[in-house]
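Use the sequences and the hints to build the structure in full.
Note that the numbering used here has the sequence shown beginning at 1, numbered continuously upward.
A couple of the hints might just be wrong.
Restricting the straight-line Cα-Cα distance to at most 25 Å, the calculated cross-link-like pairs of lysine-lysine (DSS-like) are [claimed, not checked]:
(1) LYS343 - LYS167
(2) LYS118 - LYS3
(3) LYS3 - LYS16
(4) LYS335 - LYS251
(5) LYS167 - LYS118
(6) LYS211 - LYS166
(7) LYS131 - LYS75
It should be emphasised that the hints constitute simulated quantities derived from the structure, not laboratory data. Just so it is clear, the structure is predicted and the values come from calculations on it, not from any experiment.
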Amino acid sequence: MNKTSLYQAHLDAGAKMVDFGGWQMPINYGSQLEEHHAVRQHCGLFDVSHMTIIDVAGEDATDFLYKLLAGDIKKTDVNQALYSTMLNEDGGVIDDLIVYKQSDERYRIISNAATRQKDLAWILQQADDFKVTIEEQSELSILALQGPHSEQLLNSVLSFDFSDLKKFRATQSDDLFIGRTGYTGEDGFELLVPNNQANGLWDKLVQAGAKPCGLGARDTLRLEAGMHLYGQDMDESISPVNCGLAWSVRKNNYDFIGGNVIKTQRQQGADQRLVGLVLSGRGVLRHGQNLFNNDREIGVITSGGFSPTTESAIALARIPASLKTDTLQVEIRKKQLPCRVVKPTFVRNGQSLIEE
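Put into structure tokens, the structure is as follows:
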């Protein structure tokens, strides 16, 4: 079982540890609810060092990533981040990731933990015809500082003014790589730091007031924000067009792996669409629950759970693109319970977006 450099710090803070993608990771430090609210109202700190960091460098780096990724890397500026999917030949999602452009010939990819070996093998295989080097950066840790007070707190700890660093931009300061990105629907930063400096930075941020948060709160935060979880909301069996990620795929050129399939799907129209659900009564919405419309099974919940911010049961779900309805029924314990169909973003910047 893999452990991050902060493993002992988590134990010392009373974390409950679980296996996540082959890593021992904190699920919470006591109250997942308090951790969730800390991020929405103040500032939370996550260890996400289990995620995969891959550096792509060389004279063909831009052309390679233009082929590899469905997003438009050629429109990405130096020190800008791009969210993209990486597709197979059939247009299915191998993974979703963030890529930072460090220079015209150097990029940094951050992808998911559970897909590490698959991603690396795929990227290396596709790189054969390009003048690039592919290097995993396992000597770096990733700390995610998230919440409305994260800029103020980071300024105080690093004695630097981050107010000019816009969202989805990055900067390098000595050994520290800082991106204004996150997975919570709040303002925040992801800090890449050498493993031997991770504990020192973690301690300083906690002492300054950041609340340690586990993967449990990370999941409820991203669900409220309508952010996809790989392996649940999408996988290799579904394309970005059919899972609510069409916005992340470039339209001007389909010369990427899986591009021909995506072009055809766009021309013909999506078969499925992603919606948000809010349970009308009591109960819990979960991944894998079936959805019905007038007693006909029409879809499935891909991610679900209790939303601490809105105090309701919410979910992301895939339903037929042609189905226009304000209500659906979800099957819970062999009973069909009513749900409202809403936009698949429930909370942004601490505020509920669910219309009453």
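Original post:
Okay, which hints does this one fail, numbers in order?
Top reply: Those not satisfied are hints 4, 5.
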